[in-house]
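Colleague: What follows is the residue order along each chain.
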Amino acid sequence: MIGRRRKARDAVLVPAVERKPEEALGEDPQRTVPRFGHGSRVPGWDDAVDLTKDPSEIPDPATTPVDATLREEIEAHMSKYPDFRSAAIPALAAAQRHHGWCSPEAIEQVACVMRLTPGYLVAVASFYDMLETRPVGRHSIYVCTNISCSLCGADELMERIVEQTDGDPDFNVRAFECLGACDIAPMASVDGVYVGPIALDEVPTLISQVRDGSPPLPDKQLRLRKSTDPGAARAEPGQMTPTGTTDKYGGEMPGQAAGPPAPIENPTVEEAEE
Amino acid sequence: MTEPILFAGIDEPGLHTIDVYRRRGGYEMLRRALKSMTPQAVLDELLASGLRGRGGAGFPTGKKISFIPGVQVDKYLVCNADESEPGTFKDRELMQKSPHMLIEGIIIGAYAAGANRSFIYIRGEYAEQADILDAALVEAESAGYLGEDILDSGFDLSLVVHRGAGAYICGEETGLLDSLEGKRGNPRLKPPFPANQGLYQGPTLINNVETLATIPHIVRMGGEAYAKIGTETSAGTKLVSVSGNVQRPGNYEVELGIPSREIIFGLAGGPPEGREVKLWFPGGSSAPVLTKDDLDLPYDFNALAEAGSMLGSGAIIVVDDSVPVVDVALKLAKFYRHESCGKCTPCREGTNWTVKMLERIDAGLATPMDLDIMASVQDQIIGNCLCVLGDAMAMPIGSMVAKFRDEFEAHIEAARERDPWRGAPEPPTPLIQGAVGA
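Chains as they are written, first to last, in my numbering: chain A, 1 to 274; chain B, 1001 to 1438.
Chain A extracted, bound-state conformation (with noise of 0.2 Å):
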């Protein structure tokens, strides 16, 4: 009811309200942190802890077997950076890339190469989105249902995409927050990807693309995309116009014209000639 706004102190209480389930607020896709029934977001949080047990320690080379190749790359990744440390994300990626996920093994793996304990690592692990703590499909499809491509529909789109791959092991589908690209909106990144805009009926075919190792709608790849600054395409470097005269819109702003001349100069005017 616009227009009649009620005073706080006049407001009265729905009679007799209840707390709704959670469920009754409906499928929530954003919701990718598990909750259990008390509201705690940590699995492994309900199961009693073995005090007597010690906190695992930096795991043994030479009980440990690490693949060659993975050990290779989290050490290049180490002499990268001044604190060997810093290589930690790095190295979860290349172990989860190895392995699938963040396994307890892959976990024991890096700890055993970075010498550092399983339990930091684990801590790292759980923080960032894209490392994952638990089992999941080899091709991942990141939906990204943020403010801008879901202005431009892209719940419909995760739901059209979840009901096409229907529970396909293969998958991971996961609503993502932005991904930096709502110019394609509604976007997704397809095993790391970017593709838009999808329209709902391309996705069947999108996913049978993605079925067959094929690239992606290839024609709707972002890095296919053209800038869309009017100034990017006519600004051909060492062509550059006088300024002041136009604007890069295409027609005179006479309350404009008057603009600070702003001489560019471009360093290739000779070479760009020859």
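Everything labelled a hint here was simulated from the structure, so no lab data went into it. No incorrect hints appear here.
With a Cα cut of at most 20 Å, we get these calculated EDC-like pairs of lysine to aspartate or glutamate:
1. B/K1035 with B/D1149
2. A/K80 with B/E1181
3. B/K1183 with A/D129
4. A/K80 with B/D1156
5. B/K1403 with B/E1413
6. A/K80 with B/E1139
7. B/K1343 with B/D1178
8. B/K1403 with B/D1372
9. B/K1183 with A/E57
10. B/K1183 with A/D83
11. B/K1292 with B/E1276
12. B/K1183 with A/E108
13. B/K1063 with B/E1224
14. B/K1403 with B/D1370
15. B/K1403 with B/D1327
16. B/K1356 with B/D1370
17. A/K226 with B/E1128
18. B/K1183 with A/E75
19. B/K1356 with B/D1372
20. A/K226 with B/D1011
21. A/K80 with B/E1148
22. A/K80 with B/D1074
On the provided structure of chain A, position chain B as indicated by the hints.
Modeller: Frame of chain A; chain B shown alone:
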């Protein structure tokens, strides 16, 4: 209107390779800076240019560099390419199409700051862009622009492309530093500021991709010529990412100070036929919302701040009149709830409660009184946390409640009318099964 600076000819095929970039005059400014200018001279140009940080806070870049102490220790330059602010995608296009421009800017910036190690922290989702940067890095190293004794000037610089793994909070500068050190990305208490104690406890300069990519152009044009573009307090051009309910979403390079209407309607085409702008975020989803009455504001740092919002990262999200404001608020609050790192209580609990209250509004369980409670929750988040993630939710939600209160109240009424539970209480569901009764 001026010619584009960063986006000039950005679509040229092969610009991401060093050959094409050099043919266009790339790395000439690096040569000029290292050969004929002292670090102080470069810094003076940056100070004169009036360049303000393009990542969100709008802090003058030259001043930030001048805070780096001149002591003889390892100093670091970190390029913040985490770009996770919803609605922002300008750095992605820049890195994808012209990675060498960024690398050249990093080298000149590090020269001015006296840094000898540099890092690009790129978000993990940008896998393609990180690969492009990696390839560009190898090219720049083999051409002698990175490494020891760059161009025989005695200046050393190493550069590492570090990939994150998906966390909004790592775009916050101290959260980014913790993440770069291989920890969970929790923000740190400030002070000490990163300029004094940042990465590995050393003096650290952190700048956005766009800021650093502008530096070679400032060296080329001279600081004073650059300062003439834009307005007095907001110099230069800005990449603006326009998205949401517009006909031509995309990145546009505009001169700061042009009317916002020109960007939303002139460049991006405005909302689809027959619809109107209901509200718009001028600087990413963290900026307080503006309405259609504010469309004529000049798009620069000060004018937007005076209007009660901010330019932020330069991401305009347009919401048209077909979208209920409660949906926008709920989407936003859920995002911040998911991304809150949990270190500070007001943010961790405040985001969670805001989502719960908005869900109650949507489910028909709220009264208009809840709006006041929600507004007070937002007030208590702002300024009470280590970083601004909580504020980033509290400011837009608070502004939506303030500006669209009538619509919120109408939504509450409508949802209560529709709600089948109204007046028909069901027995309470025990939270822990089996805990009630026996």
